[in-house]
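Asker: Please work from the sequences and hints to get the whole structure.
Here the sequence shown is numbered in the working numbering, starting from 1 and rising by one per residue.
Possibly wrong hints are sitting among the right ones.
[Claimed, not checked] Below 30 Å or equal to it, Euclidean Cα-Cα: the simulated DSSO-like pairs (lysine-lysine) are: (1) 263 to 334; (2) 414 to 143; (3) 310 to 120; (4) 242 to 69; (5) 387 to 127; (6) 189 to 127; (7) 127 to 401; (8) 415 to 79; (9) 108 to 189; (10) 127 to 113; (11) 415 to 234; (12) 334 to 310; (13) 120 to 80; (14) 189 to 263; (15) 401 to 387; (16) 310 to 347; (17) 334 to 401; (18) 12 to 69; (19) 79 to 119; (20) 143 to 69; (21) 171 to 310; (22) 415 to 143; (23) 221 to 79; (24) 113 to 69; (25) 387 to 414; (26) 127 to 80; (27) 130 to 12; (28) 153 to 292; (29) 415 to 171.
[Stated by the list, open to error] Listed next, with one range per pair, are the computed distances between beta-carbon atoms: (30) 103 to 7: 48 to 56 Å; (31) 313 to 336: 17 to 25 Å; (32) 250 to 284: 18 to 26 Å.
Derived by calculation from the structure, the hints in this document are not laboratory data.
Idealized CB from N, CA, C, for every residue including glycine.
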Amino acid sequence: MLNANTYVTSQKGIGGSIRNRYEDFYVEEIPEMLPTGEGPNVWIWIEKVGRTTLDVVLDIARDLHIDRKRTGFAGMKDKKALTRQWICIANMDSEEQFRQVENLDIYKTDFLKITRGRKKLRMGQLKGNKFRILIRDLDDIEKSADVANEVLKELEITGVPNYYGWQRFGKPRTNTHLVGEALIHNDLKEAVRRYVGNPSESESEENQMARQAYDDGDLEKSLELMGKGMRYEKMMVRQLIKDSKKGELTDKAYMNALHALPKPLQRMFVHAYQSYLFNDVVSRRVDMGINKYVEGDIIIDPEERIIRDKTPEEYQELIDNFEANPTVPLYGTKVPFAGGEVGEMEKSVLESYNLEKSDFEVPKMPRLGSHGLRRSLRFQVWDTSAKACDEGVLAEFSINKGSYATAVLREVMKKDVV
1 MLNANTYVTS
11 QKGIGGSIRN
21 RYEDFYVEEI
31 PEMLPTGEGP
41 NVWIWIEKVG
51 RTTLDVVLDI
61 ARDLHIDRKR
71 TGFAGMKDKK
81 ALTRQWICIA
91 NMDSEEQFRQ
101 VENLDIYKTD
111 FLKITRGRKK
121 LRMGQLKGNK
131 FRILIRDLDD
141 IEKSADVANE
151 VLKELEITGV
161 PNYYGWQRFG
171 KPRTNTHLVG
181 EALIHNDLKE
191 AVRRYVGNPS
201 ESESEENQMA
211 RQAYDDGDLE
221 KSLELMGKGM
231 RYEKMMVRQL
241 IKDSKKGELT
251 DKAYMNALHA
261 LPKPLQRMFV
271 HAYQSYLFND
281 VVSRRVDMGI
291 NKYVEGDIII
301 DPEERIIRDK
311 TPEEYQELID
321 NFEANPTVPL
331 YGTKVPFAGG
341 EVGEMEKSVL
351 ESYNLEKSDF
361 EVPKMPRLGS
371 HGLRRSLRFQ
381 VWDTSAKACD
391 EGVLAEFSIN
401 KGSYATAVLR
411 EVMKKDVV
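Answerer: Below, the structure is given as structure tokens:
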């Protein structure tokens, strides 16, 4: 995982590969609440494959001729996977509108259930996710299943390093955090270039040519060459073309290009850079003990409230029972540092990137800036199992919301897991 350098389990990894087929990686949302069956909002239990959640809601909004802001979901699910989750469409209270939803035909997406709900669905309103993942290309499937079970049972006790996975940064073209880095340095032109231009050999030749045309300053040619997979790049370049007709492109034009993107994607850039730095800090704090209280730690409960005024022994007991977790900073303008050696480590990481907390203000686009927060060093994994089957090892487990299944698999496989 990007900028992740430490393991907590000692077993030799089983290796192997995942996502050989999208269906090998199954994710199911564990809802925080369920629709009531009545109310002004339409809830859809979807199954999608090979698509992002944002792609699906944009298609739904387009086909219903409504604003994307009227759609809601609890969490972004993997693109390279078979996933199930709830989508909510606000204020669709007539029967005719309900039928319009029933008649939708969204690419690579099935509507398994359509019902009504009184409440809207918002980001973060889920308990966690269940995973069923097939690990293929193993030398000894039976032995690999035994090792996988051993690692998973150990992780149930210690917890899993709370690394951000590759989905946060993009793969195979890993650039989301680089866009965020440019925003942190207040370089809007470079932020747009890193997203739209900057060709990568991991992409198709057509996409590389489109990005090169952008870098060469030919916006019209860049737009013309862009393939189907460049939906968001097209949004930005169309806006730039529009602004270029008014004269030379300025910071305002590049700001408009960024604003052309859906808000969840705009916010993703700085968050991705914060995540890149966070993984570095997690690596160093895990070395001090993933399930150990260290003097100076800032400790939070499962609802992310800071726990104060406990003895070291009391903190340790809470950590042992997953009633509390040590934290590390998702750097921002107001995030507090820990005390003692933990705090010194956190400050040294920020300094190693020549950054200060104030850099996260992003004054040219303050809405994309971040105060930061303390995020748990680890997450809990439960209901784990690993079974040998003809194709490989089938690993099953559930984890907290906001955590990455690939962080679990990384410990099992001991390799980069995408």
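Asker: Next, verify each hint and record whether it holds.
Answerer: Do the hints match the structure? See the list:
no.	hint	result
1	263 to 334	holds, 22 Å
2	414 to 143	holds, 15 Å
3	310 to 120	violated, 38 Å
4	242 to 69	holds, 24 Å
5	387 to 127	holds, 25 Å
6	189 to 127	violated, 39 Å
7	127 to 401	holds, 6 Å
8	415 to 79	holds, 21 Å
9	108 to 189	violated, 35 Å
10	127 to 113	holds, 20 Å
11	415 to 234	violated, 35 Å
12	334 to 310	holds, 24 Å
13	120 to 80	holds, 27 Å
14	189 to 263	holds, 19 Å
15	401 to 387	holds, 24 Å
16	310 to 347	holds, 24 Å
17	334 to 401	holds, 24 Å
18	12 to 69	violated, 47 Å
19	79 to 119	holds, 27 Å
20	143 to 69	violated, 49 Å
21	171 to 310	violated, 43 Å
22	415 to 143	holds, 18 Å
23	221 to 79	holds, 29 Å
24	113 to 69	holds, 22 Å
25	387 to 414	holds, 18 Å
26	127 to 80	holds, 22 Å
27	130 to 12	holds, 25 Å
28	153 to 292	holds, 18 Å
29	415 to 171	holds, 16 Å
30	103 to 7: 48 to 56 Å	holds, 50 Å
31	313 to 336: 17 to 25 Å	holds, 24 Å
32	250 to 284: 18 to 26 Å	violated, 41 Å
In this structure, the hints that do not hold are numbers 3, 6, 9, 11, 18, 20, 21, 32, in rising order.
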